[in-house]
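Participant: Given chain A, put chains B and C in place with the hints provided.
Next come the chains, spelled out residue by residue.
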Amino acid sequence: MYDFSKITGAIHNWLSSIMPDLGVIITEWVLIGVVFLAFFALLGLILVYAERRIAGFFQFRLGPNRVGPFGMFQTVADTVKLLLKELVGTKEADSFLYNLAPYFLIIAALMSMAVIPYGFNLVAYDVNIGLFFMMAVSSIGVIGILLAGWSSNNKYSMIGAIRSSAIIISYELSLGLSSVLAMVLLAGTLNMNEIVMSQQAGWWLFRGHIPAIIAFIVFIITGTAETNRVPFDLTEAESELGAGFHAEYSGIKFAFFFLAEFVNMFIISAIAVTVFLGGWLPIHIPFWDGFNGIMDYIPGPIWFMIKTSIVIFILMWFRWTFPRLRIDQVLTLEWKYLLPISLVNLILMAFVVMMGWVF
Amino acid sequence: MGAQIMFYILATVIVVFSFLAVTSRKVMRATVYLLFVLLATAGLYFIIDYNFMAGIQLIVYAGGIVALIVFAVMLTEKIGDKIESPSNMQMILAGLISIAGAGVTISVLLGHDFKQSTQNIGQNVATIGENLLNYGKDGYVLPFEVVSILLLASMIAAIVVAKRKFEN
Amino acid sequence: MDLSNFFSIMRGEIVLAAIILILLLAEIATKDKKKIVDLAIGLFLIHTIFGFFGVGEGVLFGGMFKASPIVNLFKNILNVGVLIILFQSASWVKGKLEEHNRVSEFYILLFASLLGMYYMISAGDFLMFYIGIEMASLPVAGLAAFDIYQKRSAEAALKYIFLAAITSGISLLGISFLYSASGTIFFDELKPFMTNDSLITLGFLFFLVGLLFKISIVPFHLWTADVYEGAPIGVTSYLSVISKGAAAFILIIILFTMAKPIMELWREVIYMLSILTMFIGNIFALRQKNMKRFLAFSSIAQAGFIILGMLSGTQLGMSAVVFFIATYIFSNLGAFGVVYAIANQSGKENMDDYNGFYRTNPLLSVLMMLALFSLAGIPPVAGFFGKFFLFMSAASAGYYWLILFAVINVTISLYYYLLVVRAMFVRQNDNPIPAFKSDVYMKIGLILPAIGIFVLGLYSPIYEHINELVGMFLK
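Residue numbers (my numbering), protein chains in the order written: chain A, 1 to 359; chain B, 1 to 168; chain C, 1 to 475.
Only chain A is shown next, with the shape it has when bound in the complex:
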């Protein structure tokens, strides 16, 4: 496994030799910020394009295929169009909140991306409470949605915002219980880097047999609810609420919401990959050293991207498989089914770990 701390250490030493301490810190901040913002934008581009091509694939038609080879530059064209659009605002009473709302979502997404380990020692913020920190920061995004719905001065936006935030707050419970707690029992730590390192003997999905599989299923369901995707996307269903809480936003501000949704999808997949599927560790089949040696050659971040893409593909697959649920069905699913299942699963996992019945 290639140790990325060599690269980051080298950059740090080079900076320290040029500037005093305070300058080094600030330069590193700016550098990391730029890298993550570029990653954020790039992710948005790729994921939007991927969504449209996969949608076409499922619906047995071609997706965008005119702008550039295989339509790769379609999203770039879309972005240019959005940037050039007129910012049609409403005569709303609260322009401060109207402009502030998208930034909550983007800040929440960026902060979550900072604790994900992309490779060995390639973490922006290696904190002892990594997984817990992600849960904490995603709560800030909810406020952004509520403010967007409120300050648009539009009844339907407000209804969409209330529904959306009710769904997110309810499903946060099962998400935390199933992913954070149940798997932390196995890994023994909240630190994301150490969770990945503890899976070197095998991924937790396979080692923690039945409870881990139940936790994974619950996690995937609640993850799609958290990001407001089908089958839980009644807040932005085009046929129902006319784009929900971001109805009154246009141009670049709409692009913020749109991007934030896709990056949230990436973050949920990243958590699933880190906690259940081994993070950036390569696929190892036990006792087949030759295969393992070849697999080790491929660097960590590539493995991470491959695994995340598979989970994102599954999430996109859901969109064209399941019908949309009503709001009362959504809340019933969480409070009457998923939450008891998560709690029982937690007790089951605690029992399994205590007995030592882990592979």
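Source of the hints: derived by calculation from the structure; they are not laboratory data.
Everything numeric in this text was worked out from a predicted model, so none of it was measured.
Glycine included, each C-beta is placed from N, C-alpha and C at the ideal position.
A portion of the hints provided could be inaccurate.
[Said to hold, decoys possible] Residues from chain C that face chain B, not an exhaustive set, calculated with beta carbons under 7 Å:
hint, residue
1, Met64
2, Val103
3, Glu105
4, Ala112
5, Tyr119
6, Leu127
7, Ala145
8, Ile148
9, Ser198
10, Leu199
Facilitator: What follows is chains B and C alone, placed relative to chain A:
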């Protein structure tokens, strides 16, 4: 040195936004200012290296309580409503009393010499978890369990207030 | 701490928590909600009776929970008070069934609040104290809103919860000052740090605000009249008697054990507040015509008397306060019981409607007269002895001017209590409240305070027992 600069920035944010929150005339803006104050408090916890507490502050306060207040405001206020400002006499009196109270408290706080704590707090989440269920000295299992009964009673009180009339 | 100790020391709390859970399950399981009333009263009666038998004493959870004989005795006094309230409000709760379909919530919230008071009284550190005081106030706010579709009930609940939240915030600030000056929150470990340092003084004064709010001492008394008037039947008596008594008890424990070194400081404060409270309570009670507001202001004045007994700092003072709270519970519940019986039957709460009550309901009038005489302090009923011991303890500390003011206030209070007696016995009325009979529960709920008033006044071993337990506690 960096910690000091960060502390002054966060402290300024807290003071300015608290003042704005109590003097603003639009309720939703006051809520957002409150949110900024709570986020800055979480930042203070990050400065003293107590990451777990900062996470708790974010989840409970910023993500739970402020969301609750925003829900309550959304359901009861019309956008564009302004809270009526009190009369001039009330404002002057309130201002004088606040300044007097703040003056007394600040002078007492500044005049006291605080001893630095010699205890070594474990930063481990595992230690926190173990202490939460410890029933000896320095254990917090009794408050933990009693608070759960308090939460049950609060939920039932909320149901009493919010349940609809019994339709026969 | 080993587990065998645990069940004998914390038995009362565990039984009460079990009762709450049983009521929750019963709510789901039964169809006939009226049975829940009987179930709740029966279970609580068993709990009260068992509370008198051999609860252990000791310290649990590393000092967070302290049980001693005087604390157990006080919990038993609170139990008896709540039992009387349950008897008195039984018929009202059954009436709520047809209106709102909410029966068991009343009992669950009441018992949860009582459980909070248990923890508040037995607290060994500020954390358990604060949890107890919050657990005692929040469910009562829900209870005050029980009649949610009447405006004054909702208003009462809102006023109570706003003011309780603000004062508990100030109290918490005081506790944080005390912690920052000393480094510990346990009462025993805090005692050496209590000096005349300005931060400790400020912290202690802020901390007192929370307790003084619950006892309705001036200037924290403004919530009392409105909340007592708006809240429904059992809730007002609960607030005025149990809540006040528990807060007074933990106040006197804290003042006499933890804050003993700064006695000069809090003596001044209590002296001034006691005079203010007595005068303001009595003067405002003179003008009230609504019986609930009238009893609210009279209970503010009685609160002034309660803290008068804390001035001495001796064993005599503490046992006088405990005895006075016991007599106050019985007398006030007797008065409230009659008011509720009348309000339940005819909906009338005004003093003018009580004219000529003796002609139609002689027994109720006699009970009301007894309760009011006990509140005023006329011998030989219990209230006289309560006030007598209080004045004796204040005199032993040399506060003669204070006793003069207190006696003036007793005279004023006697005047307005006799106004009610005059209305019932002397005044004529063309259409007085008709004669009525209450159901069994209300009858028991009215007889018990009467028995209590007589027994406490005439049977002296009770006071000597209290004195002895206080002596053991203060060693």
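Participant: So, as I understand it, the hint says Ala145 (chain C) touches chain B; can you test that by seeing if any CB pair is closer than 7 Å?
Facilitator: Holds: closest Cβ of chain B sits about 5 Å from Ala145 (chain C), inside 7 Å.
Participant: Taking the least C-beta to C-beta distance, is Leu127 (chain C) closer than 7 Å to chain B?
Facilitator: Given a least distance of 5 Å, the restraint on Leu127 (chain C) holds.
Participant: With a cut-off of 7 Å on the beta carbons, see whether Leu199 (chain C) makes it to chain B.
Facilitator: holds, 4 Å
Participant: Return the status of the interface hint for Val103 (chain C): holds when the least beta-carbon distance to chain B is below 7 Å, violated otherwise.
Facilitator: violated, 11 Å
Participant: Grab the minimum C-beta distance from Ser198 (chain C) to chain B and call the hint holds if it beats 7 Å, violated otherwise.
Facilitator: This hint holds: Ser198 (chain C) lies near chain B, its Cβ roughly 5 Å from the closest one there, short of 7 Å.
Participant: With a cut-off of 7 Å, does the beta carbon of Glu105 (chain C) approach a beta carbon of chain B closely enough for the hint to hold?
Facilitator: Hint on Glu105 (chain C): holds, closest Cβ of chain B at ~5 Å, below 7 Å.
Participant: So, as I understand it, the hint says Ala112 (chain C) touches chain B; can you test that by seeing if any CB pair is closer than 7 Å?
Facilitator: holds, 4 Å
Participant: Is the shortest C-beta separation between Tyr119 (chain C) and chain B less than 7 Å?
Facilitator: holds, 6 Å
Participant: Hold the hint about Met64 (chain C) up to the distance rule: shortest CB distance to chain B must be less than 7 Å.
Facilitator: holds, 5 Å
Participant: Does the CB of Ile148 (chain C) sit less than 7 Å away from some CB of chain B?
Facilitator: holds, 6 Å
In this structure, the one hint that does not hold is number 2.
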